[in-house]
Amino acid sequence: MRVILETKVRPKPFLPIEAESIIPRNFLKGTDLTVYEGNKERALSEIFWIFVEGTAVSPDKVEVVLKGDTARIKRVGEYMDTGIIRIAGDIGMHCGNFMSGGLIEIGGNADAWLGREMLNGRIFCRGNAGHYCASGYRGEKHGMKGGSVEVMGNAGDFCAEYLTGGTVHIHGSCGDMPGVEMKGGQLVIGGDATRPCGNMKAGTCMVFGTVHYMLPTFRKTGTQVLPDRKVTMDVYTGDVANRGKGTLMIASRAHFP
Amino acid sequence: MTELLVKNACVIDPLNGILLETMDIPVRDGKIVSSVSSAADVIDARGCLTLPGGIDSHSHVCGTKVNFGRYMSPEDMRAGRTARRGKMHVTSGYYVPTTFGNSYRYSTMGYTTVLEGAMAPLEARHTHEEFTATPHQDMLANTLFDGNWAIMESVRERDFKKTAAIVAWTLAAVKGYSIKLTNPGGTEAWGWGDDLSSIHDPVPNFNVTPAEIIAAMIEANELLGLPHSVHLHCNNLGKPGNYRTTLETFDLVPDKNNARQTLYATHVQFHAYGGTTWRDINSKAEEITRSVNAKPQIVMDMGQIMFGRTMTMTADGPMEFNLYCLHHNKWSNHDVELETGSGIIPVLYSKKSLVNCVMWAIGLELALLTKDPYQCLLATDNPNGAPFVKYPEIIGLLMSRRYRDEEFATLHEGTGQRTAIASIDREMDWNEIAVMTRAGQAKALGMAAQGKGHLGEGAEADIAIYPIRCHAVDPATEYRKVVEGFQKTMFTIKRGRVVARDGEVIVEGANSTFWVNPSVPEDLSVRNDPEFVRKFREYYTVRMDNYPVQDVYLPRGKCIRTEGAL
Amino acid sequence: MIIKDVVCPFCGCLCDDLDVEVEGQKVIKVQNGCALAEAKFTGSGRLPAPIRRTPTGWDDVSYDDAIRETAEILVAADRPLLYGWSSTHGDAQSMGVHIAELIGGVIDNTSTVCHGPSILAIQEVGHPGCTLGQVKNRADVIVYWGCNPTEAHPRHMSRYTTFATGFFVPEAQKDRTVIVVDTRRTESAEIADEFIRIERGGDYEVLSALRAIVRGKGNVVPKMVAGVSREQLFRVAEICKKAKFGAIFFGLGLTMSAGKYKNVRNAIELTDELNRHTKFTISPLRGHGNVYGSNEVFTWITGYPYAVDFSRGIAFYNPGETTAVDILRRGECDAALIVASDPGAHFPHAAAAHLAKIPTVLIDPHMTATTPLCRIQIPCTIAGIDAEGTAYRMDGVPIRYRKVITSSYPDDADILKKIHDRIREVQGS
Amino acid sequence: MKAILNTGRTVPQGEAVEHKASPTYRAVVSVCYMNPVDLMELGITEGAHVAVTSRTGRIVLTTWTSEGVSRGEIFVPLGPYANHIIAPETHATGMPDFKGETVDIVPTDEPVKDVGSLMEEIGGLRYDH
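Chains as they are written, first to last, in my numbering: chain A, 1 to 257; chain B, 1001 to 1566; chain C, 2001 to 2429; chain D, 3001 to 3129.
Looking at chain A on its own, in the form it has when it is part of the complex (with noise of 0.2 Å):
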């Protein structure tokens, strides 16, 4: 089954919407769901133009496309636990949160706190991810504890903060302090990062690009040779300001203190 879910004109169209109804589970039943625009609750049809091709008698045969307008749509695809979203353009803040299963597409650019908290499935981003891209939430001891996030363009600061597992993969470069509190789990930087793992405990990054500004608080161990991507990595490991035992690996060329 596929349902399409393509946005209309709103007379504010700034107000953020909130829209944990749009998972693939919930439309086994039909798209009789609400969302809130701001402080008032709506009916899906009033959002979006709604269509829906074929039957499923399972969610893991739901497919979900949002089209449009969706740069402030929030936490679609949260607490998703199979099936698939696609979501053609930008997608709003918490998508995939505490997301368990299944997987989610994004086209264009994803804002802040992507996978949020994530325990498994699948997400892929083909532009960039906003701050706090597979992160952890206030207060909380644990980040994304499963799962994958892979974005093909930037990441914003804090990516993978808290990050206790899983692996998030990022082709490009991430902002400020990627794998800060790390504790388990993998990082894949393809670019550039800036302070990474900071009070790191475990766990492994890898950073392909440059590294500024790195924390004087990482042991170079030695070297590593990845074959199959010909190249040697400088291997450290921190953060000792902390108990760490984690992992920093980041390619011998590059790293410019």
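These are calculated hints, taken from the structure and not from any lab test.
Treat the hints loosely; a few may be bogus.
With a Cα cut of at most 20 Å, we get these calculated DMTMM-like pairs of lysine to aspartate or glutamate [as the list claims (entries may be wrong)]:
#1 C:2417 - B:1508
#2 B:1535 - B:1153
#3 C:2004 - B:1545
#4 C:2403 - C:2005
#5 B:1535 - C:2171
#6 A:40 - C:2171
#7 C:2357 - D:3120
#8 C:2174 - C:2199
#9 A:141 - B:1075
#10 A:145 - B:1075
#11 D:3002 - C:2199
#12 C:2244 - B:1194
#13 C:2174 - B:1538
#14 C:2357 - D:3038
#15 A:40 - C:2072
#16 C:2004 - B:1538
#17 C:2244 - C:2140
#18 C:2403 - C:2038
#19 A:12 - C:2072
#20 D:3002 - D:3038
#21 C:2241 - B:1508
#22 B:1087 - B:1538
#23 C:2242 - B:1194
#24 C:2418 - B:1545
#25 B:1535 - C:2017
#26 B:1031 - B:1075
#27 C:2403 - B:1413
#28 A:40 - A:20
#29 B:1535 - C:2005
#30 A:12 - C:2334
#31 C:2403 - B:1545
#32 B:1087 - C:2388
#33 B:1087 - C:2421
All figures in this text were calculated on a predicted structure; none of them were measured in a lab.
Chain A is already provided as a structure; the job is to place chains B, C and D on it using the hints.
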């Protein structure tokens, strides 16, 4: 004039010797009376269990440290969120809920009076502000004196009258109810990052010992004729082997008051550990209860822990630092100049942890091995042992051996060797539960005279009606019904007004705060003591005139004047 | 008439030892206070009556009409923002939260552009702190990090630290070692025994290095860290470890620089580490008079210290998303109520500009930089001058503001109460 | 000249903070504190005006020398002048970069605007009573 008649109530009122009698309760203008007119509103209790409003004699719900617990815990606020509904404000939080969250949950459980376990005098205004935002319970504030410089100096000089005068001035100034000592002397040592390891260690720079502070404060308390006794959080909380300190402390306590105990020892579960390290920790509940059973001058509360996440918060700063070193989670500390300290850290009590299982067992053992339920009251040191919403489960555990056995079977396998819980047959009856949750508290706090904790004529009409038909339920086997029944009242009546019904709070509250103003002869008043005034000016960062809590903070304050022997 | 022991409402020190001389309805002299206190008490130029913006200018309007219109604006909004709350007392703050609850609004306070990041840090790792008297009576090592008390909290040093005598510190200047850490050689730095000058944005690195040294892992630390020599870092770590009681105070140098709350978190974790060796505390130097009170009040009612979003009925919190600057920057809100603060002056103008596009109501005694942006301004009393109420000092100590003069202005809490009641009427709740 | 903008409190700013329309307030918050060497490099003396441009705006300020300010940095007291050029981006923390914005500085003869004008530039309407 407003009148109310509660009909067909199945009443347990231990202080008046009423046990499961079906009767009517007439109420006029907030008090229980002998009869009401035919115009009275009528509530039909339909033979359900009807008790005096519940009283929590030791709970942390209001003030600087509690609010800091909330402030640092956005992760907890994600639990237990409710939207504004009817007369109810928004609430957030599970183990450190907002003030309205606390108030609504207590109210729907039938609780109408709560003693805040620890108020730092310098920050009393904050506690009182939150009291007014906890509108469905009458509130009392335990006032901290454990590291009070002026007190320690007077104890060193062995001037009990002066000790009493300082207590009197402080209680009146900060609108406190009773004397609280938390790790006496230890909180001052923590000012330097140290602690005391026995009640005979001298406090650094002050040359007094915890034992001397405790003894002197008991003297002062009785000299002033305060309604409640000294309320003590013993030294060495949470340390394996600490039961010796607790027993030594109990041995210090004379029997000085016919109406009530001379010492209230709080959350004794945390003070009843044998062993030498966390590896060989074991229960010393038998030793502790043996002492208490022989000493009518002591009342304690359980300090029961229940499994799950919660927040520990106490004036015992050094203890919290030790706990932080074990858990490596977040740690807050807040020392209060010239007075006390405090610490806060979140914890998870897990059935996988042998230590936690032993703690769980000790709390229950204390209650079950204390012969007189008036001597061991039900409390979790909310939220330290568990949030108070767990009380119904504790009641279930106390009333049903089967429930205990079922729980025990899920615990760490080493629990049986470290504790005696599995061999205890006692199952508490309805009356004992009523004592442990209201009558005992009222007596221990000296609040029975204020009309709390009983349903006799003249009492405050604080009444809890639970959907439990005692004659039709066997708590030993149907403990689930007991637990559910105590979770939500059919009616909670506060001062003659129905405030909660079937788990919903239905009115805006308007509580009272009880506080004590002991009379002190003018020549003893510390206000007239130039040395006291000078030290206040030089060492506090707040002026003496700005220190007292103004009346405006207690819109419905109830002052208890005491005439002591000073 | 001289009123003694008056509380100064200017900064988070809330000094309560001022002697204020009053003649009629005017303060003519302030003793004991700093220059900021004097300016605050003797200030003039208050807005005389409520004003309302018209297409061509400004009209006077009655309090009743202003209140009625404010209620209508707020009820009609889909995403109202209620911001400010630091220069007033607890009753007004509490009423503000209840209004936000009623209308499904977002309520935020000035900590958002002050110590909001410190709160985020505390929510990750806690806060080993103490009251100011504890520092005054005990501290032999004082660290000022990224702050300049000489300018922002002029009496902090004389009342509590560098120049204050305390019970265990009878000779302040001899008994205390003062360390200042900053990117600028400020006047505070001139007074220090040790000045650490950090390259801009280097706080996190320096804090990490100090943590490693205190943990005995100093061998990893390179020769220079963000412009600070290894030798100086080791020397300072040693001073701290040898302290009997150390106290770190930090300011906006940490919260506003890159990394924001992670800088503060690192400083707190350094403090935690030092506590394994001696006694150490850390405290933010809170700015606006009662800003800490707004955090306290928000917390006991909603569970969160700032940035609370009620649009879904329940309280939701996520700084960065529900904070005032972000909501304005994204142009999300469609009405605003500003109380006791001046976002026109203190927010980036690209964010503040949105206030002019929507119906904005300002409740403030003075004409401010927000006045030109608003549709209605309602003048009120000034907490601590012609209104009394509760305020929380930077260390959490609650103090009651005095009322030293009587004016004809209504208390902002009363104005808000009327708005609240009017909203309930309109909503029929 | 490129520089890093730092903002913060000063006593005069605090004293005048409740008189936003006053000439005093304008005078004390429309100041650009600079290292004297940087000032020399710009070829101006203390008191001359500079136009400071950032990603989001442009503002004219009066220069003031300060030995405490490092070379390559400027310090502007917090207020509407500094905020005219500070970006509203908060890195999803709620807090803009009040310290650390990159700016470009050139000498100018333009006058320093008053607060009312600044607010009118962003859609406000000055209130003169």
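query: Are the Cα atoms of residue 1031 of chain B and residue 1075 of chain B separated by 20 Å or less?
result: Answer violated: residue 1031 of chain B to residue 1075 of chain B is near 42 Å, above 20 Å.
Holds or violated: residue 1087 of chain B to residue 2388 of chain C, with C-alpha atoms at most 20 Å apart: Answer violated: residue 1087 of chain B to residue 2388 of chain C is near 29 Å, above 20 Å.
field: Given hint residue 2199 of chain C paired with residue 3002 of chain D - CA-CA distance at most 20 Å
entry: It holds: about 16 Å lies between the C-alpha atoms, which stays within 20 Å.
message: residue 2244 of chain C and residue 2140 of chain C were given as a pair; does the straight-line alpha-carbon distance stay at or below 20 Å?
response: The given pair, whose Cα atoms are some 6 Å apart, holds under the 20 Å limit.
- prompt: Taking 20 Å as the top limit, are the C-alpha atoms of residue 141 of chain A and residue 1075 of chain B close enough?
  reply: Distance ~9 Å between residue 141 of chain A and residue 1075 of chain B Cα, so the pair holds.
message: Tell me if the straight-line CA distance from residue 2244 of chain C to residue 1194 of chain B falls inside 20 Å.
response: holds (11 Å)
Holds or violated: residue 2004 of chain C to residue 1545 of chain B, with C-alpha atoms at most 20 Å apart: holds (9 Å)
query: Taking 20 Å as the top limit, are the C-alpha atoms of residue 12 of chain A and residue 2072 of chain C close enough?
result: holds (18 Å)
query: Holds or violated: residue 2403 of chain C with residue 2038 of chain C, Cα cutoff 20 Å?
result: holds (16 Å)
message: Against the 20 Å threshold, does the CA-CA distance of residue 2403 of chain C and residue 1545 of chain B hold or violate the hint?
response: holds (15 Å)
message: Would the hint linking residue 40 of chain A and residue 20 of chain A be met if the CA-CA limit is 20 Å?
response: Holds, at roughly 15 Å.
- prompt: Between residue 2357 of chain C and residue 3120 of chain D, does the CA-CA distance stay at or below 20 Å?
  reply: Holds - the C-alpha atoms of residue 3120 of chain D and residue 2357 of chain C are around 12 Å apart, at most 20 Å.
Going down the numbered hints, you'll see the structure goes against 6, 8, 14, 21, 22, 24, 26, 27, 32, while the others check out.
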